[in-house]
Amino acid sequence: MSLSQDDVRRIARLARIAVSDDEVQESQSQLNQLFALIEEMRAVNTDGIEPMAHAQDVMLRLREDVATAPNRRDAFQAVAPSVENGLYLVPKVIE
Amino acid sequence: MVMNTLKQQIDALAAGTTTSVALVSECLKQIAAHNSQLNALITVDADKALAVAAAADAARAAGDTRAMLGVPLIHKDIFCHEGWKTSCGSKMLDNFIAPYSSQVAENCDAAGFVVVGRANMDEFAMGSANENSFYGPVKNPWNTKAVPGGSSGGSAAAVAAGFAAVATGTDTGGSIRQPAAFCGITGIKPTYGIVSRFGMVAFASSLDQGGPMAKTAEDCALMLNVMAGFDERDSTSLEHAKEDYTRDLNAPLAGLKIGLPREYFAEGLDAEVAAAIKAAVEQYKALGATIVDISLPNTKLAIPSYYVIAPAEASSNLSRFDGVRYGHRTAKTGNLDDMYEQTRSEGFGAEVKRRIMTGAYVLSHGYYDAYYIQAQKIRRLIANDFQAAFEQCDVIMGPVTPTTAWNIGEKNADPIAVYLEDIYTLGVNLAGLPGMSVPVGFASNGHPIGLQIIGNYFAEAKMLGVAHQYQQVTDWHSRAPQL
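If you read the protein sequences in the order shown, they are chains A and B.
Here UniProt numbering is used: the first residue of the first sequence is 1, the next is one more, and so on.
Here UniProt numbering is used: the first residue of the second sequence is 1, the next is one more, and so on.
Simulated from the structure, these hints should not be mistaken for laboratory data.
A portion of the hints provided could be inaccurate.
[Said to hold, decoys possible] Below 27 Å or equal to it, Euclidean Cα-Cα: the simulated DSS-like pairs (lysine-lysine) are:
id	chain 1	residue 1	chain 2	residue 2
1	B	Lys7	B	Lys462
2	B	Lys257	B	Lys300
3	A	Lys92	B	Lys91
4	B	Lys332	A	Lys92
5	B	Lys29	B	Lys145
6	B	Lys411	B	Lys300
All chains, please: the whole structure from these sequences, using the hints.
Set out below in structure tokens:
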């Protein structure tokens, strides 16, 4: 499998990363090398093998339905790029 | 030079032959003399460190007997620590002062450690050389033209250079073991789930694991006692009973069965690395261990499996960096989508972008089964290989890396060549097993060589004992670079 430059632009768009034409070329070359390496894995017969999604068989724990974390909105918003009246500001979404 | 080991510092503080202020001052002196040369630390706060040290000395004088009280420590810049800049080696978080502490930082604070600085690292822990930091590459203290390994290369270089006796690190595909090997120190990546990931900036959640880096196995055991423990705030934290990881340090090695996987000694392994590993194994035989020939047949598949799973998880985890709630935001104007794209494009480095894009692709419609599910099935095969091996032996030994540290910039044009350097370490993370690196010699170019010890789940105490016994009869771990 070989990725085209259009594929790279589509992936970048999915990843919400802006890429210049030069970056597209470089990414295409490096991603194609990586996918060539990954192809090795696709040829292995894994019929009947259970996927291992996690390193341990963990299950989400249940806890009492009570609030445990204190309200630290001011501390958390102090590191935000832009806030106003306790809200995060972003570019206008709805005209 | 700062007092060599954590154990020596603990003993000296307890005996009253030194103070925390004296130890911290020594560290700061060493840092001031050499950090500009090594670039191992991103942040140093001498005033804060000395103030905490003075408070520790006052507490000890008032009867506080905590063993770690006043001991200097360096945190990898991936662990959030309230009030400290936590950049994760990225421009994206260059302006981020953590408003809360990770469980690891909380545990270290509670134990009484004094943080003297924050270690440089590959951006978001992605890399095997510490060349991918926004703050520039870290230099190997044994040869400043060489890389220290990554991504915990700043922590490894700092310990090797005597900036502190102990540092925290994280290991997603070998990021504690490989820099420990390249810098001639000892480091352990514990069983997945015994050190909390709460407040540790996430790269690949099913693989990331924090652990200690120090000169000796004994120090790693003492440090792991502080770092490990159940944390209900981390949904992957294991409800495993609290252990004393120093308990087997003096256990004799007679009868220990060491498995040597033939795939770890095949084509691609540097002859000098192979010779040092074989000499270490001979030393173990002299200590009473027996050697078992074993096979880990799917070793080669660890690389493609890892480079699907880790980027897939990274692309999901790093979606939180969007310029809205914290971190870098682009100054360019535009709509919301433009803001996301420009922010991420400006904030992330090339390696991080490459892995996010890889992850986005393998998780996208039509490719998920072919790549992601297949990689998870391969992961199962790799984990099964290890379990079959542990039916024949107590621990597995082999090299940490195929070569010693390479020169800075040497492999910049070929990221795949760097990925291949992780062939012996990745399987351990995929399986969730504990693994460690122990210094066992030097190549003719003066670069350190590390022996990898792999244990079964929760075998940290045994592994640390196996390493400690070797360090009682050798001195590779106590050699220091000339700076």
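Results of checking the hints against the structure:
1. Lys7(B) / Lys462(B): This hinted pair holds, its Cα atoms lying about 19 Å apart.
2. Lys257(B) / Lys300(B): holds (24 Å)
3. Lys92(A) / Lys91(B): holds (25 Å)
4. Lys332(B) / Lys92(A): With Cα atoms ~14 Å apart, Lys332(B) and Lys92(A) stay inside 27 Å; holds.
5. Lys29(B) / Lys145(B): Given that 27 Å is the threshold and the Cα spacing comes to 23 Å, the pair holds.
6. Lys411(B) / Lys300(B): It holds: about 21 Å lies between the C-alpha atoms, which stays within 27 Å.
Violation of the numbered hints given earlier is absent; every hint is satisfied by the structure.
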